[in-house]
Structure formats: structure tokens, C-alpha cells
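Given two chains presented individually in distinct reference frames, assemble the corresponding complex, making use of the accompanying hints.
Protein chains in written order, with my numbering: chain D, 1 to 533; chain B, 1001 to 1302.
Simulated from the structure, these hints should not be mistaken for lab results. Incorrect hints may appear among the rest.
Said to hold, decoys possible - Listing some non-contacts, in silico: residues in chain D with all C-beta distances to chain B over 10 Å: (1) D94; (2) S135; (3) M143; (4) E181; (5) G223; (6) D228; (7) D248.
Unchecked claim - Pulled a few chain D residues facing chain B out of the computed Cβ check, cut under 8 Å: (8) P258; (9) S260; (10) K312; (11) N380; (12) T390; (13) W391; (14) I393; (15) G394; (16) K397; (17) V407.
What the hints assert, rightly or not - Simulated DEER-style distance windows between Cβ atoms: (18) B:P1267 / D:E354: 31 to 39 Å; (19) B:A1217 / D:G411: 40 to 48 Å; (20) B:P1075 / D:E142: 54 to 62 Å; (21) B:D1062 / D:F414: 31 to 39 Å.
Computed from a predicted model, the values in this text were never measured in an experiment. In this text, a Cβ means the ideal position worked out from N, Cα and C, and glycines have one as well.
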Amino acid sequence: MSVRTGAGIALSLLTAFAFTPAGAEQPKQGGTLTYVIPADAPPSLDAHRETTYATIHTAAPYYSVLIRVPPDNPASTTEFVCDLCTEMPKPTDDGKTWTFKIRDNVKFHDGSKLTAKDVALSWQYIVKPPKGVVSARQSFYEMVDSVNATDDSTVVFKLKYATAAFLPALADPYAWIYKKEILEKDPHWYEKNIMGSGPFKLVKIEVGQSITGERNKDYYLKGRPYLDGIVGIFAEKQSVRTDALKADRASIEFRGLPPSARDQLTKELGDKIWVQDSDWNCGNILTPNHQKKPFDDVRVRKALALAIDQWKGAPALSKIANVRTVGGIVFPGSPLAATKEELQTMPGYWPDIEKSRAEAKKLLKEAGAEGLKFELLNRNVDQPYKFVGTWVIGEWKKIGLNVEQKVVPTGPWFSNMRAGTFDVAMEANCQSVVNPVLDTGKYLPHRVFPDNYGYYDDPKSVELYEAMQKETDPAKLRVAMRAYEKHTLDTEVHEIVLPYWYRIVMGRSYVKGWKISPSHYLNQDLANIWLDK
Amino acid sequence: MAVITPPTPSAADEADALWRRHTLLGRVLDFARRKPLGTAGLIIVLVFAVAGLSADWIAPFDPEENDFASMMVAPGLPHVLGTDQFGRDIFSRLVHGARTAMIVGFGAAVGGGLIGLVLGVTSAYFGGWFDLVLQRIFDILMAFPLIILALAVVSVFGTGVFNVVIAITIPLIPRCGRVVRASALAVREVPYVDAARALGFGHARIVLCHMVPNVLAPFLILLSAFVGQAILAEASLSYLGLGVQEPVAAWGLMLQGSAEDYATTAPWIAIFPGLAIVLTVLGASLFGDALRDAIDPKLRDR
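Chain B with its partners taken away, still in its complex shape (with noise of 0.2 Å):
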């Protein structure tokens, strides 16, 4: 009977292996190997970021200003994506908007994303009526959609750039701080955090030191769910006249009022931010899922 041995893999395989593994540009040319689709969402996301900060750069003209000459000029030169109602260039808006949905999006997915990190194992550390009566906030908060919670918030707080960041993350918190929570419960039970304990160490020290880095990976993975959705909760907002107003350059409130108005006659007025938004907030969410796949263990290797 033959006897199959498994082959002996080669010196160079093993030293691209430990290159892969413990170089950064490794590991990203290795998730860009593993994960093509959610490659191309972090590109694609990245465009509209790098779009969005170099905004005054690239836009050819004044995303604000009226040009009644100019009025709903189809797609061609100067104007490569056409003029909306105002005349305004959208090309230009389209890149200002980039920069007001990355403010808002990175904004709202950090800023609750990190409020949520810490109430979340801070939640699961201390247990007891703590925990219980944060869970039951948290309970409240995650009963409403996040669009009608930021639709209160904003009612309350009003519209504009930094409102709607608030609007977006407050609902954001719970849903991290859940998830987060649940890792951090079983991270309360290792030994280390029992030798933190042990040692003396505060109670601030072993949350931030010992467990928050132990929960990095869901919390990573949220994260760049959260940036489509603060996204798309900004464009919700802005598209109901609830977000940032004109003649602020962002693209729900470039749809508003334009796609049903226009869809016929300029229907390029509506179709460039919807595909801006569509785009952005695939590629966050492509991204998100190849995170996920690539962190977690179970799906390292599918």
C-alpha cells in the first residue's frame, strides 16, 4: 500500500508565508489576494475620501454659486457631470459632498463607535445593576431604527453639519456597545484580567489596557459597517431636508427635491449623487464583510 505524504512545503513558500504574515504590506497585498471585492470597496471608499479632502483642489468651480447662464447644462464640457437647477457645476458639489458624507460618516461611525467600545466592555467589566440598567438604555435606544432615532435627534438639536453627526452616532452607541459587550464578557473571564485584578490595577487600566484591545476585532469590523450607515443615514436626513442645508454641498440633499423634479428632464442631477452614495456605501460594506472574513478565525480560511 502506497504511503501519501503530504508535500514539504519549500524554503521560498515559508519565507513568502512569514512575509505575508508579519510585514503590514504583506498583510494587505495578502487581504487584496484573499478578499478582490472588498479590496475594491476600501478603494473605492478611499477615492471618495481622498476626493473629499482634496475637494478645493479638484472641484473646477465654486460648489455654491449660482450660474443662471448655466442652468441644467446636460454632461459635457465645462461641466463634465452637468449643472443642477442652479446652475451649479456637480462635479464640484459631487466632491464637496464627498467631503461633507466622510466628516459625517467617519465622524458618526467613530465618535459612537468608540463611546460604544467603551460603555460596552466597561458594561460587561463591572456587571451587576451597571450593566443592567446600561443594557435596558441600550435596549430603548436600539428599539427605534436608527433613521427615525437620528430623525428625533435632529428634531431636537437641529439641522446642520455637526448636529447630524450627533443625530447618527447617538444611535450608533447601543448597537456597538452590544456587540461589544458580548465579547468583553467572556474577555472578563481570563486569567489575565483575574491577574490585573490580582495586582492591583485600577479599575480604568485593566478596562482600556487589558480588555478594550482584546475586543479590537468585532470592534474594527462595526466599525467600517458603521461608515456606510452614517452615510446613508446622512444622505436619509439631508434627502428629507433634515440634514445639512443649502447651499452646503452634500449629496441626499443633492437628490432632494431633484429626482422627482428633474428625473425627466435632467435626470443627471439626480443619477451622479445617487450613484455617489450607492458606490461609497457598497464599498464600505464589501470592505466590512472581507474585515470581517479576514479577522475572524472560523472564516479565515473560506
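Same shape as in the complex, but just chain D (with noise of 0.2 Å):
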């Protein structure tokens, strides 16, 4: 070996150690992910119409979206980056319009080109869809004005205001972008058909069995995605899905498994597997009926908050449900979530629990409704509803209360709730993207937010809601937060806010390139992941 050449290769060893992060490995490409899906199959292809993660793990690996959560760093609750546009743009004309450059190098599956046009009626029919099209989270774009492609590279949002939850309303992974001619011709399309321009493109889907798709090689992020193939396998049961992992038939189950299923597989498969876990953006809430008494009575919802002590049972809940960590109205991981010692000044955070529960009878006693029976409604979903509802009713036991559990499919639960048909329901607050300011609106009188079942009317709670929206200094931002925090759930105590969800991913340790977020629906299009064998 001649000087030169030694020197050659200490130098590539050397700039090799400099500009590799320590433990990161080279991907490999090539080979097919068999994935599990944990539905029996989605209720459309639409991701714009649609709001479960059955759909965005269908069809997300087959579409772009304007700008997503990083894939690398998904548990990021503040930073966002492109996909179909070029560079994060910075807002102009006091924060309300944002100008975003769209690739030139994607095509849609068909090979045609991709261009602002087709972002742009695509923001359209989200923020204002046409007579017939249904946009399920329309009510996010309220502060959009106008969408409009001004040439085939440039896509101007206008909004009416400045807001802090623009951006990350903007990252929203159902936004897929579609093609202008097929939406056009027909806006039900996308219901029944996949044609994106994702890192995957479709080969067949057998509903309620599988899909499978191979890799799109006209991607515009060159060298990705890493694998030649997927197949999704439709498999509601658990049991079906642990055992797939468990047998190598499936390499990654992207929803979340129970505490259960991780001790059972960690400790069958040992190294072969690999567990991811973060916070959830979901957690369970107690919705109190204000139109029954006596829950009209703030003294007796109160007392149904005071009762939970919920820094004992978070942490033991967590080793046999999906619950984990102990929060108020915003997701704990987001700057704009309450700190311990602001939750413990509110009831149902307290830390003596005895004085809670002390407080919570004399409430009660306070309101005649000493030993109240009442019935909660909850879904019949063991994961982690079912769970959480036997949890609260034995903390409410404890003070005197006589609480019967009242499980109905989905369906009932769903009409009971619209009905206002039940004494307290056991509800659900569950978002994608972290984005406080409008997560938090399902604490809104039911008038503003059709989705609280709350039945009040709260004129001062839409007044701090509003003073949020408009609000974009971070520090200004956190104080409103904080008093419509308080508002909801200690002034009237709306709401009861119980433990967020607890998200555990598992896959076999082959599969890598793939991180957790707080959001089953975030960072799904597969594009980064590689195979290790």
C-alpha cells in the first residue's frame, strides 16, 4: 500500500467518523415491510373526509402532503418541514400570508406533473369544500382566508389572522394532496381510488385483507423510500396482530400495543424486537352532563374531580393500560402545557389526596348529593376506556359515590352523547399534530364546538378561547392558555381531564429508520424506513 493510499483511506475514515452520528447506520435499500393495520378495513380511501388512523395507515405511504411533522425528529411538537414544498417560508404582511415554493420534480403516479395547482385546490376543498364534499376538520382552517396557486410553483395561504395555529393546522396528515383534474371531475374519487404522488405507489388492495404497494420510483426525495415494497394486513384482533409479530408475519404494528403485549413479546422475543414509547396526543375526559342535575351544580363536578387521584393511578395504570402521564388540557410535551405545580392547584391534581377527597365529600354534602347514583357512560373499547372507567369509578366509590359502568358499542355511545342522554360519559379528546390552541377547542360550549357533550353555555369561556387564537406571542400565548385552563377545569369544571394516552410501538428489530410520535396519524408514509437484513 503505497503512502498515498494509506493517507487516502485514514482521511475516509477519519471524514466517516467526523460525519456519521455515533450508532447510526447506513440504510439499506430494498426488501418489503409487512405491516399490521389494526382495523378490519378504512371507511374510505378520503383522507380529507375521514378521522381515523384506519385510513392513514391504508393509503398515507401512497400520497405528499405540503408540510409534515420531521420525519426524523416526529415527537417534535414545534418544528415542521416540507415535503412537497422547497423551504419553510416566513410569513409576510403581519403573519397572514404564507407563500410556499412547490417542487418541480414530482409526479403524480399516473406521470403527470404535480404542481402548485393541484396543492392549492387541494387546500380548497379542505378549508372550504364544495356543496356534497365533506372536510372533516374544516373547522381548523378558520383563520384562512384564500388558497390560490399564483403560478404552477407558488401556493399563497391569505388569512384573516394571525395565529400561532396556522403552521402546524397546516402539517395535518389527512391534508393529501390530489390531483386537480380528478377532483374536478369527480370529488368522491379519492374515495374509492388511490393516486398520489407518495413514496409508494399502489399494486392492489384487497379490502379488509391487505395492500400492497411498491416503491415509487419517480420520488422526488432521491434515494427514498429505501424499501421496494409494503403490504398492510388488515387485522382488528390484538391477538391476531401480537401474533403476527411474534411469528415474523408482520415487522411493525404502527398503532400502539398494550403494556400486556410488550412484557409478553419482549419476553418471548428478547432482542428480535424493539419498542418505541412516547406520549399520546389522546387522552380519556369525563364529560358531565350540565343539563341532568345535579350536575348542573359546579360543587358536585368538583367533587367527581377531587375524588380521582391521579398521580397515584397514572403510574399504575400504565403497566396494564395505555395511560401514562398526568396532564391538563394541552398535550404534556408542548411548551404550552401546565407544569406540575400549576396542575396541583386545581382539583383533581391536588397531591394530598386525602384532603382532596375530604373537600370532594363536603362539596357534595354541601349539594345534597351525598351517596349520588348515577350511570357512566363509556365505549366499549378495553384499550384504554374500559380500563380507565373501572379505575375512576373505584376513586369515586371512595367517596360515598354509586356509580354503575354503562358500556355501548361506538355507535350507541356516539348517540347517546349527541343525545344528551346520559349523567357522565367517558369521552375521548384525540389529535394528530400537536397544536394546543385548537386541540383545546373541544372545551368549548357545545354551540361553538358540536363535539363537547358537555351541554353548557360558557359565554367566558369562548372569550378566553378567542383571546387564544389571535394571541402569537409564545410567553402571551402560555398566560391565556393557562387562564382558560383554569376556567375549564377548576372555575366551572367542565371537564375532567384524565391521564394521557400512552402510545408503544413494536417492531422487529430489523426494521429501522421508523420513530414515534405522539400521534398514531403522524409520520406514516413509510418513505425513511430500511430493512436490516
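Structure follows, in C-alpha cells:
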């Protein structure tokens, strides 16, 4: 070996050490990823109209979005990166105009070029859907005045007012970009068909069985996807999914498994499987029906909150159910979330549970509701609804309440809440991108936010929420959020927030390049996944 | 040629036989001697029934109280059968679950049986269009397996102990009514029924005082079988999440969610309620079979 060659090798090694992060591995191309989708089938293939992971996990790999959470750091609650745009823009016009430049090398799977016009029309349908078209998250975009393509590579969003909620809302994982020509011809076409510009091209879909995709060779991110193909298998039953992982018939399940499955699989598979976990931007909440006596009395609602020992219950429940972290109305990982000290000033979070329960009993006595008997409406879903419901009933029993759990399937659960035929309901507030200003809309009165089932009217709550909407200064926004939270959970106790869910994702050890996020809706295009085998 | 004469029973044997036939205790002991399996079945059911009735005194812990310091503790002391995922004492939940099982089991069996008895006898007595319509309704109801019909009823009425009793009672009615009707059709033709009619007795009196007592044998056999079926149906409904609801103690509910999740890490959570269901249903079946053999003249001496 010549000196020059040796020096070259040494330099190469040095460079490699200098620029490769410790522990990082070079992704390998090829292979087919088989994953399980915890659903029997998606209700439709159109993400604009749907609200379920069943649609996302089925078809997200076939679509692109304008911006998204970073695939290599999806747990970030403040960072967003381009997917179809070339760089994240700075707003102009006092934060009211956002101009996005669109990549010029993007092709739909039918070979046609994707332009800003496709992006603009897709967003117009999301923000202001034409008659007969459903946009499930239309209310997220109240701040948007217009979306237009000024040329083939520029999309301009004009807002009615500047708000911190806009950018996270824009990173919505359901906001797939559809082809303008198809949308204009038949806005319902995407409900039954898949044709996007994502990292994978559809090979076949057998609804209820599986969906198969192959690598999109024209994908705009060079070198991606790493996989040659993907196969999603629909498997509604948890035991089928864990068995599939155990037998290596599937390599990963993206939604989340309960702690019992984690314990079982790690015990049986050892280092052949990895576990990633994260707080989940989902949580159960208890909604007292304010239209029904005695839940119209704030003292009774406060007593319900004071009886629950969240600080002791959350870590214990995390061993058996998908819940873990105590939080207020904002996802605990967000800068806008309440600190532990802030939470402990509110009912339901007091550090001294004996004092808290004594206060609860006193309030019940004052309200003439000692030994109150009522029904807790719950959804017939084990994880974590029924586990949390059973825990809460046990906590209420400690202040002398006699509560019967009424567990019903999802349909009647919704219809009972919509009809107001319940005493207290176990609900969930489940969001995708962490966007506290919008996520907390759930706590607004029913007339403002139809998915609130507390049936109260509270102009003060609306006023506090609207003040938050137009606040762009992070420090002031945090103060405004605390005021809204205190009003919701303490002053009025409109709702009782229970521990946030806890997401546990397991994959075979050869599956690499995927990182967990606080939502099972995020980071599902699978472009970064590679197989180390 | 020698003549063989049958042995003449002694006076003591005759007295013993008389005692067995004419006193309750004698009959019970005779049944126990001739049907040991059936007796064992009856004892099992009675043990669980007594456990259910006296659950408040037997259970060492509150069956609904969560104790996160004792989650999934293996059988030992103080939790003789261990604890479940919420730290609740399994023995306490088992005996309180026996109460739920007995309320549902006996409630549905007696309710379904009695209604079926009255409808079956009435149908046979009146005959004609009443019989025709009622039997077609029975045909429709019997076209569905018990658990399917119970599921349908629960989905209409909702969950809870009372609704589960109703849900299981309804499918049992035609099953009892059909069998009782067959016996009642024969009873209808015997002279004392005609005599009762001739004396001007009312329909209700004839049905309730003269026909019903004469179809009690098949009815009692059915009733014993229904208890087991109803307990099993209750456990199935609870297992499917459509029976009684947490935190109420019920055997099927104790199995639900635990059998799969904790089969390897805490198997006692599923084993003991499973055993309780198996033993009770087996006990009821054994007793029912023995009762049938004892009451049916064709099988009595086998």
C-alpha cells in the first residue's frame, strides 16, 4: 500500500467518523415491509373526509403533503418541515400571508406533473369544501381566508388573522394532495381510489385483507424510499397482531399495543424486537352532562374531579393500560402545557389526595348529593376506555358515590352523547399534530364546538379561547392558555381530564428508520424505513 | 326338575323400601345412592349458590376495590386465589360472581321455565289457531341459537344484571314451551281433564290445577338444564362485553380481557373464574341428567 493510498483511507475513515453520528447506520435499499393495520377496513380511502388511523395507515404511503412534522424527529411539537414545498416560508403581511414554493420534480403516480394548482385545489377543498364534499377538519382552518396558486410553483395562503395555530394545522397528516383534474371531475373519486405522489405506488388493495405497494421510482426525494415494497395487512384483533409480530409474519404495528402485549413480546422475543414509546396526544376526559341534575351544580362536578387520585393512578394504570402521563388540557409535551406545579393547584390534581377527597365529600354534602348514584357512559373499547372507566369508578366509590358503568358500542356511545342521554360520559380528545390552540377547542360549549357534549353555555369560555386564537407571542399565549385551562378545569369544571394515553409501538429489530411520534396519525409515509437483513 | 322361586323380601327390606319411597330424606338418600354423579353435581351447584348468598360474609376483601399496591399478585396469603390487574382479590370477586351467576342462572331459568310452562300447557289445551300462532312464534325464536338471541335482546335493552336476565329468559321460553306442550297434549286427552270440563271448571283452573302438575316432571328436568345454560350464557355475554359491566363481579367479565392479555404473566386471573364456570355448568348438567333418569320411568331402574 502506498503512503498516498494509506493516507486516503485514513482520511476517509476520519471523514466517516467525523460526519456519521455515533450509532447511526447506513440505510440499506430493498426488501418488503409487512405491517399490520389494526382495523378491519378503512371507512373510505379519502383522508380529507375521514378521521381514523385506518385510512392513514392504509394509504398515507401513497400520498404527499405540503408540510409535515420532521420524519427524523416526529416527536417535536414545534418543528415542521417541507414535503412538497422547497423551504419553510417566513410569513409576510404581519403574519397573514404564507407563500410556499412547490418542488418542480414531483410526479403523480400516473406520470403527470404535480403543480401548485394541485396543491391549491386540494387545500381549497379542505378549507372550504364545495357542496356535497366532506372536509372533516374544516373547522381547523377558520383563520384561512384564501388559498391560491399564483403560478405552477407557488401557493399562497392568506389568513384573516395571524395565529400560532396555522402552521401546525397546515402539517395535518390527513391533508393529502390530490390531482386537480380528478377532483374537479369527481370530488368523490378519492373515496374509493388511490392516486397520489407519495413514496409508494399502489399495486393492489383487497379491502379487509391487505394493501400492497411498490417503490415509486420517480419519488422526488432522491434515494427514498428505501423499501422495494410494502404490504399492509388488516388485522382488527389484537391477538392476531401480536401473533403476527411474534411469528415474524408482520414486522411492525404502528398504532400501539397495550403494556401486556409489550411485556409478553419482549419476554418471548428478547432482542429480536424493539419497543418505542411516547406520550400520546390523546386522552380520556370525563364529561358531566350539565343539563342533568345534579351535574348542573359546579360543586358536584368539582367533587367528581377531587375524588380521583391522578398522581397515584397514572403510573399504576400504565402497567395495564395505554395511559401514563398526568396532564391538563394541553398535551404534556408541548411548551404550552401546564407544569406539575400549575396542575397541582386545580381540583383533581391536588398532591394530598386525602385532603382532596375530604373536600369532595364536603362539596357533595353542601350540594345535597351525598351517596349520589349515577351512570358512567363508556365506549366498548378495552384499551384504555374500559380500564380507565373501572379505575375512575373505584375512585368515586371512595367518596361514597355509587356509579354503574354503562358500556355500549361506538355507535350508541356517540348517539347517547349527541342526544344528551347520559349522566357522565367517558370521552376522548384525540389529535394529530400537537396544536394546543386548536386541540383545546374540544372544551368549548356545544353551540361553538359541536363535538363537546357537556351541554353547557359559557360565554366566558368562548372569550378566553378567542383571545388565544389571535395571540402570536408565545409567552402571552401561554398565559392565555392557563386562564382558559383554569376556567375549564377549576372554576367551572366543565370537564375532567384523565391521564394522557401512552403509545407503545413494537417492531422487529431489523426494521429501522422509523421514529415514534405523539400521534398514530403522524409519520406514516414509510419513506424512511429500511430493513437491516 | 328343581323349581327356582324368587327370594321373598324380608320385612326389614320392605320397611327400608317404604321409607325410601315415602320420606323426603329417604328419597334424597336413595337418589344419592343411585346417582352419585348427579348428587355431586347438585352439591357443586349448592356450594356456589351458598357462596353467592353469603358472599358479603365470606369475601375477605371488597370485590370492587382497586388496590394498585397488589396488582397481579400470585395466589398465596392474604389473597388465596391471587389478585387481578386492578389489584382486586380474585376469591372475593369469585364468590360475589357466584351471586351474579346464581341470580342470572336461577332468575332466567325459573323465569323462562315458568313462562314456557304456562304458554306450553295453554297452547296444548286450547289448540286451534292459538296453538298454531304460538308454535310458529316459538319456531321463529328457536331458529336462533340461545346466545345469538340473547345478544340481540341485550343490544336492544342494554347491559346490566336485570337486562341480562331478560335477555336469557326470552330464548328459554320457547325451549320450555315446546317440550311442555308435547307432554300437555297427552294430558289434555285423559279423562280427568274431560271430567273437569264437564264439571264446568274454568280454563285457568283446568290448566293450572289439573294439567300443569302433570307435566312437572319434564319441566323440572328442563329447569335444571336451564340453570347451567343460563349461567353459561351470562358468562358468554359478559365475556363479550355485553353482560354485566365492570366493576361488578361476574365470572365471564373476570375472563374478559384477561384471558388473552395475562395468560402467560398472570394465568390465575383467567383460571379461577374459568374453573368456576366449568364446575357450575358441569354440576347443573350432571344433576339435570340424573334427575331425568330418576324421574323418567323408562330410565329409572337403569
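Now the hints, each set against the structure:
no.: 1; hint: D94; verdict: 52 Å, holds
no.: 2; hint: S135; verdict: 33 Å, holds
no.: 3; hint: M143; verdict: 42 Å, holds
no.: 4; hint: E181; verdict: 46 Å, holds
no.: 5; hint: G223; verdict: 42 Å, holds
no.: 6; hint: D228; verdict: 35 Å, holds
no.: 7; hint: D248; verdict: 19 Å, holds
no.: 8; hint: P258; verdict: 7 Å, holds
no.: 9; hint: S260; verdict: 4 Å, holds
no.: 10; hint: K312; verdict: 7 Å, holds
no.: 11; hint: N380; verdict: 5 Å, holds
no.: 12; hint: T390; verdict: 4 Å, holds
no.: 13; hint: W391; verdict: 6 Å, holds
no.: 14; hint: I393; verdict: 6 Å, holds
no.: 15; hint: G394; verdict: 4 Å, holds
no.: 16; hint: K397; verdict: 7 Å, holds
no.: 17; hint: V407; verdict: 5 Å, holds
no.: 18; hint: B:P1267 / D:E354: 31 to 39 Å; verdict: 36 Å, holds
no.: 19; hint: B:A1217 / D:G411: 40 to 48 Å; verdict: 47 Å, holds
no.: 20; hint: B:P1075 / D:E142: 54 to 62 Å; verdict: 58 Å, holds
no.: 21; hint: B:D1062 / D:F414: 31 to 39 Å; verdict: 34 Å, holds
Every hint, counting from the list given before, is met by this structure.
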